[in-house]
Amino acid sequence: DTEVTQTPKHLVMGMTNKKSLKCEQHMGHRAMYWYKQKAKKPPELMFVYSYEKLSINESVPSRFSPECPNSSLLNLHLHALQPEDSALYLCASSQGDNYQETQYFGPGTRLLVL
Amino acid sequence: AQSVTQLGSHVSVSEGALVLLRCNYSSSVPPYLFWYVQYPNQGLQLLLKYTTGATLVKGINGFEAEFKKSETSFHLTKPSAHMSDAAEYFCAVSFTGGGNKLTFGTGTQLKVEL
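So the sequence lines, in the order shown, correspond to chains A and B.
With this note's numbering as the guide, the letters of the first sequence map in order to residues 1 to 114.
With this note's numbering as the guide, the letters of the second sequence map in order to residues 1 to 114.
Derived from the structure by calculation, the hints contain no laboratory data.
All figures in this text were calculated on a predicted structure; none of them were measured in a lab.
Glycine included, every Cβ here is placed at the ideal spot set by N, Cα and C.
Check before you lean on any hint, since a few could be wrong.
Said to hold, decoys possible - In silico contact screen, one side only, chain A against chain B (beta carbon under 8 Å); selected entries:
id, residue
1, PRO43
2, LEU45
3, SER94
4, ASP97
5, TYR99
6, THR102
7, TYR104
8, GLY106
9, PRO107
Chain A on its own, in the form it takes in the complex (with noise of 0.2 Å):
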């Protein structure tokens, strides 16, 4: 089973909210990543966690803000976010952290910013 899933799949917010992402895996993966595609775009990677700590954050806002409470779950927290934030968010695992291991991918969440 390759499966990572993502809640909610979609998500309004206003610019003033806090709201949360969540992905899980139960693959027994120890890389997790976060990754914003916009519309006709490749997704961009935020935010890599290997082994339960944060080894790649691409000059990320700190309006995003990751969290692995474990190696199963990984949360993107949202705060003051823009309206150009709104995207799909897409989470992703792997094996492990090198270049030779495949990432799955999670189904997404579509978050509007109003």
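Dock chain B against chain A, hints included.
Structure of chain B alone, referenced to chain A:
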């Protein structure tokens, strides 16, 4: 620097015709190459992956890709297109020294017509 180029942002084929989606990479070290498919409002699904060894890689849904080092290419093909193949296709590369970061191409939208 390593990069991926997908020639043709839109490709249109007739149902039953050959599908050919082009991907060229630039890498100073041996790459790992991936093709992902994204159906509307969904996440990315792995079609196939090239690591080392056999240069012809078979994937899911009847797709295959051939790694040609001399041409730095990894084109995706399918002998006979089906309506259900209509989707966005992304070529991606990872490489030693790049950690677990995937570099994506800009994507090719495949349209299948009756």
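Is the hint on A:ASP97 kept, meaning its closest Cβ partner in chain B is under 8 Å away?
Where the cut-off is 8 Å and the nearest Cβ of chain B is about 5 Å from A:ASP97, the hint holds.
Under the criterion of a CB-CB separation shorter than 8 Å, is A:PRO43 in contact with chain B as hinted?
holds, 6 Å
With 8 Å as the cut and Cβ atoms as the points, is A:LEU45 at the interface with chain B?
OK, holds: A:LEU45 within 8 Å of chain B, min 6 Å.
With a cut-off of 8 Å on the beta carbons, see whether A:GLY106 makes it to chain B.
OK, holds: A:GLY106 within 8 Å of chain B, min 5 Å.
Taking the closest Cβ pair, is A:THR102 under 8 Å from chain B?
Because about 6 Å separates A:THR102 from the closest Cβ in chain B, which is inside the 8 Å limit, the hint holds.
Quick one, is the A:SER94 hint okay against chain B at 8 Å, beta carbons?
Check passed: Cβ of A:SER94 comes within 6 Å of chain B, closer than 8 Å.
Does A:PRO107 meet its interface restraint, that is, does its C-beta lie within less than 8 Å of any C-beta in chain B?
holds, 5 Å
Chain B contact restraint on A:TYR104 - CB to CB distance below 8 Å
This hint holds: A:TYR104 lies near chain B, its Cβ roughly 7 Å from the closest one there, short of 8 Å.
Are A:TYR99 and chain B close enough, Cβ to Cβ, to be under 8 Å, as the hint says?
Holds: closest Cβ of chain B sits about 4 Å from A:TYR99, inside 8 Å.
Comparing the model with each numbered hint stated earlier shows that all of them hold.
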